[in-house]
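There are 4 protein chains.
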Amino acid sequence: MIEPKDPDFEARVRASFASQSAMKSLQIQLLSLQPGRITMELKKSDNLLQQQGFMHGGVLTAGLDSACGFAALTLSAPSVEVLSIEFKTSFFRPVSTEKVQVIGRVIKAGKRVSFCEAEAFSLGGRDQVLLAKMSSSVAMVDMPEGWVPENRS
Amino acid sequence: MIEPKDPDFEARVRASFASQSAMKSLQIQLLSLQPGRITMELKKSDNLLQQQGFMHGGVLTAGLDSACGFAALTLSAPSVEVLSIEFKTSFFRPVSTEKVQVIGRVIKAGKRVSFCEAEAFSLGGRDQVLLAKMSSSVAMVDMPEGWVPENRS
Amino acid sequence: MIEPKDPDFEARVRASFASQSAMKSLQIQLLSLQPGRITMELKKSDNLLQQQGFMHGGVLTAGLDSACGFAALTLSAPSVEVLSIEFKTSFFRPVSTEKVQVIGRVIKAGKRVSFCEAEAFSLGGRDQVLLAKMSSSVAMVDMPEGWVPENRS
Amino acid sequence: MIEPKDPDFEARVRASFASQSAMKSLQIQLLSLQPGRITMELKKSDNLLQQQGFMHGGVLTAGLDSACGFAALTLSAPSVEVLSIEFKTSFFRPVSTEKVQVIGRVIKAGKRVSFCEAEAFSLGGRDQVLLAKMSSSVAMVDMPEGWVPENRS
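Residue numbers (this note's numbering), protein chains in the order written: chain A, 753 to 905; chain B, 753 to 905; chain C, 753 to 905; chain D, 753 to 905.
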């Protein structure tokens, strides 16, 4: 396991997750956190579909993006915020199951840029099936002194 | 201007857009359509933000993804559906304005794969500022005979 | 292990690799093949560097791209050729070692599109270090009847 | 036209290009430079092909990558070096012409990260045809004081 710079990373990342209003609206839940790793769950929602009745790729991407960003945040110092530089999502299969598990991991933690990946798996059937995968680079931004995360101010 | 294969492309794409429940939930509107080109508008919504108060990158990506897919659909035959193979979104600036314009274009139309791009611009200030850009590849899928788009069945 | 469609996949893929003149020029060797998996080796060459003296990212990418394409080819029918639709390469560390190992894998084999990944590791030190990673989509193209691969004609 | 930070950017970028041994080996020439923009030319070479006789995608990518990096370098201060964070190349058509023109542009210049694009066009026929396109992010790295570019030391 990677040694986190902030022993209180879990509380900090959970607070940051809670302050993302998009996660609630998109029915995305944080399940568990470890240094450099996060597990989340998405629920398929009737009002978040594309034209063929599958979960919209952008909604799935929102979950994958958050998984990458928060995985990077588990390894940062408390004064650092994360911003996605870019990400790529590859879609292997349309999402037709009710629940999707998303696992985000840091591939290479950096002082300025961290590289992350996130995978989406179908939940519900006998086997876990890989639905989509993100590869992303995340800017690690030093916040000015006196900075307080929105959710704690 | 590119010659569309389907003279009724506009009605077909508008119907497909209307059948994406995610577009309404994410506050994304279709403004105008031309062969190989689409213009859409996103409204920043308090319940779709990330932890720093900016529009969530995944929500913006949902708009860019739809812009790419529907741009590809303007050039397809009526019996063809589109599915994103993959996309990459690059984030140039955080979205702090109330409205975002999204323009999608087909770069190379193909029988099996079409390549598209979509750009997001801030609206509201004096100048249009480029906020983010997507590069995507879209599978052009021949639907079985007798297939009826969900929204018209 | 995935069951290959072509029991003679190894001879076919090795012949295809041998017919890539770029591999010899770029000092890239094929080490081993399994269904859905390939291992290759790149030698750092004084005439293939970038301005800081590291292996040029494009040269490394040529190895990663070939690893993805040939991994996809191990799982195809003999009448199918592969063409990269797109790839993304993420660079974690500059290449300063003399040798690089490249491992390509099929993540999702498809009839028309296969998704692959390839990783580059430094060789020579005590530990293997991940230098770069590619995520790619590969078009599986049915060749016309009577088609003979260049290298066997 | 964007104002460059370094009035001598052209000499600096040309020297950096000349110090990339890969460019000569891959038959890639620098044609012209403007702030935020570069034009290069690739010659198809019999020893840099893939298995179907087309220019290897990795070789084309080396040209696109250099075009992005050097375009970013035209806008940097003299003490800054560039390193690709990641790039994505989309392949629209195989390269069968003898010459390819590559045009690189900065989309968004940043202090730490610049976003660039590069396009490859076929040369030789009546019309310019877009063959491939790269989207990249480039790290702008402050070099330590006293640093001298390799090629001028």
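Keep in mind that a hint or two might mislead.
Note: identical chains are not told apart, hence a pair may lie in one copy or across any two.
DSSO-like cross-link-like pairs, simulated, lysine-lysine; straight-line CA separation at most 27 Å [unchecked claim]:
# : residue 1 : residue 2
1 : Lys757    : Lys860
2 : Lys860    : Lys796
3 : Lys757    : Lys863
4 : Lys796    : Lys776
5 : Lys757    : Lys851
6 : Lys776    : Lys795
Just so you know, these hints were derived from the structure itself, not from any lab.
Predicted, not measured: the structure shown is a model, and the values here were computed from it.
Now for the hints, and whether the structure bears them out:
1. For the identical chains of this complex, lysine 757 and lysine 860 are intra-copy neighbours only, at 15 Å inside a copy versus 32 Å across copies, given an alpha-carbon limit of 27 Å.
2. For the homomeric pair lysine 860 and lysine 796, the shortest alpha-carbon distance between copies (23 Å) is at most 27 Å, but the shortest distance inside one copy (31 Å) is not.
3. Taking identical chains as interchangeable, the C-alpha atoms of lysine 757 and lysine 863 lie at most 27 Å apart whether they share a chain (12 Å) or sit on different chains (26 Å).
4. Taking identical chains as interchangeable, the C-alpha atoms of lysine 796 and lysine 776 lie at most 27 Å apart whether they share a chain (13 Å) or sit on different chains (16 Å).
5. Taking identical chains as interchangeable, the C-alpha atoms of lysine 757 and lysine 851 are never at most 27 Å apart, the minima being 33 Å within one chain and 33 Å between chains.
6. When the C-alpha separation of lysine 776 and lysine 795 is checked against a cutoff of 27 Å, the pair qualifies both within a copy, at 11 Å, and between copies, at 18 Å.
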